[in-house]
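Chains as they are written, first to last, in the UniProt record's numbering: chain Y, 1 to 203; chain L, 1 to 203.
Keep in mind that the hints were calculated from the coordinates and are not lab data.
Owing to the predicted nature of the structure, the values given are computational and were not obtained by experimental measurement.
There's no promise every hint is true.
Which copy? The list can't say, so a pair holds if one copy fits it or any two copies do.
As the list claims (entries may be wrong) - With a cut-off of at most 27 Å between alpha-carbon atoms, the simulated DSS-like pairs for lysine-lysine come out as follows:
#1 K137 - K120
#2 K22 - K135
#3 K22 - K202
#4 K22 - K120
#5 K135 - K120
#6 K175 - K2
#7 K202 - K2
#8 K202 - K175
#9 K120 - K2
#10 K2 - K137
#11 K135 - K2
There are 2 protein chains.
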Amino acid sequence: MKLYDGGRAPNPRRVRVFLAEKGIEVPLVPVDMGAMGHRDEEVASRNPLRRLPVLELDDGTIITESVAICRYFEELHPEPPLFGTGAVGRAQVEMWQRRMELNFLSAIAAAFRHLHPAMKEWEVPQVAEWGEANKPKALEFLALLDRELASREFIAGDSYSIADITGLIAIDFMKPARLAVPEELGNVRRWYDAVAARPSAKA
Amino acid sequence: MKLYDGGRAPNPRRVRVFLAEKGIEVPLVPVDMGAMGHRDEEVASRNPLRRLPVLELDDGTIITESVAICRYFEELHPEPPLFGTGAVGRAQVEMWQRRMELNFLSAIAAAFRHLHPAMKEWEVPQVAEWGEANKPKALEFLALLDRELASREFIAGDSYSIADITGLIAIDFMKPARLAVPEELGNVRRWYDAVAARPSAKA
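Next comes chain Y alone, as it looks inside the complex (with noise of 0.2 Å):
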């Protein structure tokens, strides 16, 4: 198999921290978006929408999506869970990945993707407007996870898990799109500090 990566781009830096926790190593094709490689023929012929990261198996099937990637990587070398144990705690880290990326990674993405000069080509129309508008929704979501923080070590539970890629990627993400996790919020920063000094945080 191999892996399209995709450099610093938030969603191939997800699968590859994930990779990483596992110990699994995969071989990369770096494709270089800075220089628009994700939307070649490389790419469009294997992901129609042009994007990255894609995993290629050895028969040719071609599974995309960083969260699909992850998953199959999952089933495939279970330890240490990284979507959760039992039908509960699955259910547990899949809401607070879902909550993760559908308000927050999100909402960074659409501050950096439409403000940030260098995505004029890429976010096409841009609308600083609704730049601006994901700015707060971003630091109200961060108060919401500090309070939940509070009593917990982990975003999902007393585990680490692919809710707390998905906020790493996400809190780093923060610098180019011009936001920063007020200093205020110690859960998140206790947190964050402790994910962050995890050797997979290097991938």
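Starting from the structure of chain Y, add chain L where the hints point.
Chain L in isolation, oriented as in the chain Y frame:
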């Protein structure tokens, strides 16, 4: 257990269609979203994001996020499988469920929430330019889906899955968003007619 339900809104309906396909009956607690009932304490104390649906288990455990609720019921009642079979099959369903949700349902929702006068209090601020920008995104995705459906019966393969449920509720959400499936997309129309004719679509 009980399911706090939100009537006609797409996400509550997604769970009801899923339960109907499984033949599962869960006691429903109706919440009047038109009267902003989802922002009342009854919901807010269970879901800090104040969204529906919300599943409450007998021990008080809360599961929110429609897909997390569906996944929980998939584990309790595996037949018929609606999240795919086998590691590759399940990854393909996850891939398509996400594509349908992130590229199609979310575009229709944005057009509805940012342009419909009734959404003024729900979506603050309404950004009309963003609503308009999403209309061609939704239609572009439908054209891609039409090409995909030329070679298979259902969205994620030869079996009905949660990706079809997300597709069904998204298409039905086009009407209030003032969008329509273009006449020439015959494969999408054939697929829609088939899934809309299933008894579960009435849920």
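Is the C-alpha distance from K135 to K120 at most 27 Å within one copy, between copies, in both cases, or in neither?
both (19 Å within a copy, 19 Å between copies)
Between K202 and K175, at a C-alpha cutoff of 27 Å, which is it: within one copy, between copies, both, or neither?
within (17 Å within a copy, 46 Å between copies)
Treating 27 Å as the Cα threshold, decide for K2 and K137: within, between, both or neither.
neither (36 Å within a copy, 30 Å between copies)
At 27 Å max between alpha carbons, let me know whether K202 reaches K2 within a copy, between copies, both or neither.
within (20 Å within a copy, 43 Å between copies)
Within, between, both or neither: how does the pair K22, K135 come out at a Cα-Cα threshold of 27 Å?
neither (33 Å within a copy, 40 Å between copies)
Within, between, both or neither: K135, K2 at alpha-carbon 27 Å
neither (36 Å within a copy, 35 Å between copies)
When no copy is named, should K22 and K202 be tagged within, between, both, or neither for a Cα gap of at most 27 Å?
within (14 Å within a copy, 43 Å between copies)
Within, between, both or neither: K22, K120 at alpha-carbon 27 Å
neither (36 Å within a copy, 45 Å between copies)
Which holds for K137 with K120 at a C-alpha limit of 27 Å: within a copy, between copies, both or neither?
So K137 and K120 pass the 27 Å test inside a copy (22 Å) and across (17 Å) alike.
Between K175 and K2, at a C-alpha cutoff of 27 Å, which is it: within one copy, between copies, both, or neither?
Neither: 30 Å inside a copy, 42 Å across copies.
Please work out whether the CA atoms of K120 and K2 approach to 27 Å or closer within one copy, between two copies, in both situations, or in neither?
This pair counts as neither: shortest intra-copy Cα distance 31 Å, inter-copy 47 Å.
Hints 2, 4, 6, 9, 10, 11 from the list above are not met by this structure, while the remaining hints are.
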